[in-house]
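Visitor: Sequence:
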Amino acid sequence: MTVKEYNRAVEDFADSLYRFILSDIRDEERANDIVQDTYEKLWRNVTKLEYAVVKSWLFSTAYHGMIDIIRKEKKMTMLEDTHTRNLAYESQYNDLNMILHAALERLPENQRSVILLRDYEGYSYQEIGEITGMTEAQVKINIYRGRLALKNYIGKIETVI
14 MTVKEYNRAV
24 EDFADSLYRF
34 ILSDIRDEER
44 ANDIVQDTYE
54 KLWRNVTKLE
64 YAVVKSWLFS
74 TAYHGMIDII
84 RKEKKMTMLE
94 DTHTRNLAYE
104 SQYNDLNMIL
114 HAALERLPEN
124 QRSVILLRDY
134 EGYSYQEIGE
144 ITGMTEAQVK
154 INIYRGRLAL
164 KNYIGKIETV
174 I
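Each residue of the sequence shown is one higher than the one before, counting from 14 in my numbering.
Derived by calculation from the structure, the hints in this document are not laboratory data. Yeah, the Cβ is synthetic: ideal placement off N, Cα and C, and Gly gets one too. One or more of the hints may lead you astray.
[Claimed, not checked] Derived Cβ-Cβ restraints for the label pairs, each shown as a range:
| id | residue 1 | residue 2 | range |
| --- | --- | --- | --- |
| 1 | Arg84 | Asn20 | 31 to 41 Å |
| 2 | Gly168 | Trp56 | 43 to 53 Å |
| 3 | Lys61 | Gly168 | 42 to 52 Å |
| 4 | Glu41 | Tyr157 | 38 to 48 Å |
| 5 | Leu113 | Asp50 | 22 to 32 Å |
| 6 | Glu63 | Arg39 | 26 to 36 Å |
| 7 | Ser29 | Thr60 | 23 to 33 Å |
[As the list claims (entries may be wrong)] Pairs of lysine-lysine, DSS-like flavour, derived with a Cα cap of 25 Å:
| id | residue 1 | residue 2 |
| --- | --- | --- |
| 8 | Lys68 | Lys164 |
| 9 | Lys85 | Lys54 |
| 10 | Lys68 | Lys17 |
| 11 | Lys153 | Lys164 |
| 12 | Lys17 | Lys54 |
| 13 | Lys17 | Lys85 |
| 14 | Lys68 | Lys54 |
Model the full assembly from the supplied sequences, consistent with the hints where possible.
Guide: Now the structure itself:
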């Protein structure tokens, strides 16, 4: 990859990479740090990579960096079957965006990440697997479980609207 292609990668992917990381960790400074570290790693590997694989490489590297930070801070949580009933919420809602973000925050990291990559960023199951290091079947299972938990949390659509 050339320097010109590196600069193009910054212009093309930095915003979506930042949004992806920010939506998971909800901390602007840490999200900026992760994106900056990811582009630093890209710069160190600029001669080894081709531009065609840069987007996937960036998201994968940023995702793994984010996971490392989360593990270090011990913020990784697991959603057990016994806690799924606590996700149900029965009341009138006013702000659908606020509700969706609150529901996403309650999901475990792996489910939230794959849902954001699939539904917000538009990646295929295979691409999500490459980014997260999961198999395609694991990606599908995590998306299914995450969507089910979101559905249980949000409740009936009539309540939301």
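Visitor: All hints, please: hold or fail.
Guide: Hint by hint, here is what the structure shows:
no., hint, result
1, Arg84 / Asn20: 31 to 41 Å, "holds (32 Å)"
2, Gly168 / Trp56: 43 to 53 Å, "holds (47 Å)"
3, Lys61 / Gly168: 42 to 52 Å, "holds (49 Å)"
4, Glu41 / Tyr157: 38 to 48 Å, "violated (31 Å)"
5, Leu113 / Asp50: 22 to 32 Å, "holds (29 Å)"
6, Glu63 / Arg39: 26 to 36 Å, "holds (33 Å)"
7, Ser29 / Thr60: 23 to 33 Å, "holds (25 Å)"
8, Lys68 / Lys164, "violated (31 Å)"
9, Lys85 / Lys54, "holds (20 Å)"
10, Lys68 / Lys17, "holds (15 Å)"
11, Lys153 / Lys164, "holds (16 Å)"
12, Lys17 / Lys54, "holds (17 Å)"
13, Lys17 / Lys85, "violated (35 Å)"
14, Lys68 / Lys54, "holds (13 Å)"
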